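Colleague: These are the residues of each chain, in order.
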Amino acid sequence: MTSAEKDNYADVKTKTGKEWFYTDVVKKHFFNPKNLFKTEKEAENYKADGVGIVGSPACGDMMKMWIKVDPKTERIKDCKWQTFGCASAIASTSMLSVMITEKGGMKLDKALQIKPQDIVKRLVDLPPRKFHCSVLGDKALREAINVYFEKSGQKDRVVRQGAKIIDKQLKITDKDIEEAVLEGATTFEAVQKKTKIGVNDKSCIPEAEQLIRFYREKYFGPD
Amino acid sequence: MKSKEIYLDHSATTYLDPRVKEEMDKYFCDEFGNPGSFNTTGLRAKKAVDKARKTIADILNAKPNEIVFTGSGTESINLAIKGVVRANKDKGKHIITTTIEHHAVLDTCEYLERYEEFEVTYLEVDRDGLVTPEQVKKAIRKDTVLISIMFANNEIGTIEPIKEIGEVAKKHKVLFHTDACQAGCSQDLNVEKLNVDLLTLNGSKIYGPKGTGLLYLRKGIKIHPIIHGGGQERGLRSGTENVPGIVGLAKALEICQKERNKENKRLIVLRDKLVKEITTKIPKTFLNGHPTKRLPNNANITILDIEGEAIMLYMNQYEICASSGSACTSKTLDPSHVILAIGLPYEAAHGSIRFSLGRRTTEKDINQVIKVLPDIVKHLRSMSPVNLEVKDVLGGIKND
Chain A
742 MTSAEKDNYA
752 DVKTKTGKEW
762 FYTDVVKKHF
772 FNPKNLFKTE
782 KEAENYKADG
792 VGIVGSPACG
802 DMMKMWIKVD
812 PKTERIKDCK
822 WQTFGCASAI
832 ASTSMLSVMI
842 TEKGGMKLDK
852 ALQIKPQDIV
862 KRLVDLPPRK
872 FHCSVLGDKA
882 LREAINVYFE
892 KSGQKDRVVR
902 QGAKIIDKQL
912 KITDKDIEEA
922 VLEGATTFEA
932 VQKKTKIGVN
942 DKSCIPEAEQ
952 LIRFYREKYF
962 GPD
Chain B
3 MKSKEIYLDH
13 SATTYLDPRV
23 KEEMDKYFCD
33 EFGNPGSFNT
43 TGLRAKKAVD
53 KARKTIADIL
63 NAKPNEIVFT
73 GSGTESINLA
83 IKGVVRANKD
93 KGKHIITTTI
103 EHHAVLDTCE
113 YLERYEEFEV
123 TYLEVDRDGL
133 VTPEQVKKAI
143 RKDTVLISIM
153 FANNEIGTIE
163 PIKEIGEVAK
173 KHKVLFHTDA
183 CQAGCSQDLN
193 VEKLNVDLLT
203 LNGSKIYGPK
213 GTGLLYLRKG
223 IKIHPIIHGG
233 GQERGLRSGT
243 ENVPGIVGLA
253 KALEICQKER
263 NKENKRLIVL
273 RDKLVKEITT
283 KIPKTFLNGH
293 PTKRLPNNAN
303 ITILDIEGEA
313 IMLYMNQYEI
323 CASSGSACTS
333 KTLDPSHVIL
343 AIGLPYEAAH
353 GSIRFSLGRR
363 TTEKDINQVI
373 KVLPDIVKHL
383 RSMSPVNLEV
393 KDVLGGIKND
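Taken in sequence, the protein lines are chains A and B.
Per our numbering: the first sequence = residues 742 to 964.
Per our numbering: the second sequence = residues 3 to 402.
The following block holds chain B by itself, in its conformation from the complex (with noise of 0.2 angstroms):
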């Protein structure tokens, strides 16, 4: 990162901790063993492996056969949907999942209505970006086999009610899986208090290195693997170990939660102030997602009468980088999907902001943040012939 860059943009992707890379690089050159391999220099390899499993389940309350290493969240979130559904066709062909999902998720699942006839239900969310316990159990069906939704969502930051969807699938004896890639640096990922069957976790947002991920399979859940071959991760994820990935992904893992309770504090001061001074210094402006249940680290704010992509790059003339919900930013040209669910029109999504912190965000930096961008708004605004009302925006919805 350049020095004087303002990162706004964790929820897209994390550096890499300091710490984590020391812990990694003896994998590259000198440890850099088969752990499959039944020789000295692949047996060290294999423990450390063993070591970052184990580290991890810990972390999850879980045991350390429960934890598979994949390549990514989307690797993990495709094995959970896709291995967990196509295992269990003997009960049923339904799952249940939300309209703010990732892609990763969305997308699994309309392939499989697609070309394996499943039936998806996606559930609506509140202008929050909630979905509650009880719209799970009404769209439980006989055939139901598998819930997934997940922990934080990645735009607006709203975290769902998991411990409580986790209790309705349970009683319903229904598998449950939560994409929690969001939530790893923040929230508390203990999968017996969530009641979770599946949870995914990946490295690039937490810290840790890029391709790797990881799933976590309640113990005796049937799955079929989605790669085939050398038969590594019990049979569910064939391929040589990613060593220095895996060693990494833990030790990311066990800094965010070691310290998840004091940074959560800080970050949300700075976020507060952030969210505060955009939306009393610049009119026409309005948090999306939950006023509280948000990650400590997400501001999404919807900036009326202007357009994302242009906010964002004249932002990056001062050095700072955030991202959009703006069709422009994405390959289809429709606005963000999140923004839209949870009841934004479309004029109101193209304007939307996200601005994630991190572990390097100051106080420095969100002033800066506060000092340029209502003349930006400004700027951007003269040359605008929309004129919006907030009210008009979010309509009979409810107007913060």
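Extracted from the complex, chain A is given alone in its bound form (with noise of 0.2 angstroms):
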């Protein structure tokens, strides 16, 4: 499949779905999702351990959750979250909460290492330009858990990933890449469009080229 005919919806695979362009997994999410608030008033008073918010309504996707934490045995006794999104947003932070919840609850450590791949994992599968959505719950999750170590005395346990610069200009780091290339810019001129990379420092092009090639083969698969 080339790149230009994973950007196009209609070709996103049906699988169980049938008319459905998702899998029964993540209808069953998107229509009766896990772990919400039941009442504002619920809302209003939990009294979480971490909260993280990743995201804005201005791109398309944001994500709260909220987790309460064991301090004995870093497990992750309850979780409640937030989508503003789409179907597989919400199906995806739903699955999230779910499996950070389940079984006695997610130590903290394993929790930090969800990757995206495993929630798409458990919802059997998305279309593959929906990725991204499923991209911010871990890291509502990761930011969430953040704010407990720092809450609970813990501050050098934090871990934020650092970004590297690439446009020297422009200040565009890795990360800005990786984030347009998950939200469907897969060319360098469309990351350009996006970005605008290397419009000044033409310097980068080479690398901001290879990462572009990079994050497409690591959330669309190899060319």
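If you're looking for bench data, these hints aren't it; they were derived computationally from the structure.
Remember, predicted model here, so these are calculated numbers, not experimental data.
Each residue gets a CB set at the ideal place from its N, CA and C atoms; glycine is no exception.
No false leads were slipped in.
Calculated lysine-lysine pairs in the PhoX-like style (CA-CA distance at most 20 angstroms, straight line):
| no. | chain 1 | residue 1 | chain 2 | residue 2 |
| --- | --- | --- | --- | --- |
| 1 | A | K779 | B | K380 |
| 2 | B | K286 | B | K380 |
| 3 | B | K93 | B | K175 |
| 4 | B | K173 | B | K221 |
| 5 | B | K380 | A | K775 |
| 6 | A | K769 | B | K380 |
| 7 | A | K782 | B | K380 |
If you want the footprint, here are the derived chain A segments under chain B, 3+ residues with CB under 8 angstroms:
| no. | region |
| --- | --- |
| 8 | 767 to 776 |
| 9 | 786 to 798 |
| 10 | 812 to 825 |
Got two chains here, each in a separate frame; can you build the complex from them with the hints?
Modeller: Below you can see the structure in the form of structure tokens.
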């Protein structure tokens, strides 16, 4: 499959979903999401040990995760979430909330290792261009865990991914490129249109192109 | 269509009217001739095409030899724009259009800018999606060869002042094309009254067959074909004529135009009810597009704090088919360029839903939408971390 084909919504596999564009598991979590606040009051009174927010409504997806942690066992006891986004965003956050609270709760160290692919695997599949939605869930969780570390006096355990500057003039980082690729800009031209990378700092173009290929293959499979 | 399905996506495409199908039927197996063949089979097919051409010409107040049949609205637009500007390069290389055109127009213009060194002015629209004749007048240059502005917008339903823009174009001797694909069912298509030199229509939006389109081309206009071959359609569109399609297109347009006044009235009542009920029953919602200068069947509504695809899929559970301007339903992951062009911020653009009504839409359908939508919105809002205010979203633009 070419990347152009992968961009095409009509090419989304239906698998068991028949007329549905998503798998049955996605559908189940979308229509019956788990671990939501039951009432507004519950949300107001919820005493979380850590809260993480990522994204913004402007970019189309935003997620907020609340976690409660057992300090002795370091397991996630409870989790709540809210998501602004499409079906796969809602379903993947719901699935993530199940993954970290099932079987007595996931250990923090393990929860920090969750990758977008792990969530997608549990959802059976997502259309490739929807991967970016589930990426946000694990980021929100990592942030919530970091906040817990900070609040519980374990600042040394906080890990925030650093970013490397690629375009020196516009201060565009590898993370920015990753974001752009996840948002569907899978060619240099498309990433440049989104970020203006390499417009002034032409010396960064070869490295940028390499990174775009790397992230494209990472999220959308080999060319 | 499934019997229970409430189809409110007529701006995407319409079903074939059974009367149109009946008219087309005999041109598949029985009258299958090639209109270009000089034998009786071919001549009968030619007669059918000629008759269709005459029917359409009469509706448009044009002459039959001013009608070119094509394979889609998109193809007609490509022919109109590429064909005219390439043939009139000696006059100049400037095109005027708007930011809210269909991608058939926008992408064609972008192609011409990129590969053929044309210059394009994209006129901005106001909050209601309107462009003014004054804007067009200001944008006209000595080297302007073509103005292409849509009759009615496919997403927000706003109807542009085509007649007035046509006057400006005429006065400045610039050719004027209008993409009337969304207007075929409800608007007067008299090209003399509209002051247009080229007009695009297609079958799939007017209860006609898919894969059919036409371009009205005023006599005497210099134009190059974009498809070359056997020289059909006076050399402007080679390829054996789609006889059943052409017959169906003419019949569909005929029915639309005959029933238009009565149908418009019926649809306006239903649409207004839908808009009023949604915007009063559901907080933080508002109508996009012009309140009155709009297609009778279009209701485009922004619902804050939630995302369009999610709303659409929940509605689909109740067998309601609508469409959304959300990024998730597009190929680009960007929200609708039209919703952004009328000044809505990104966060609001993601939550826009288009209901487009049609011939089979009943009051019962509208009531069902009004019944289920408030709870869907409530449910999705309960799981959303976003809490926007209408006044912040509309900002200083205008508060409806």
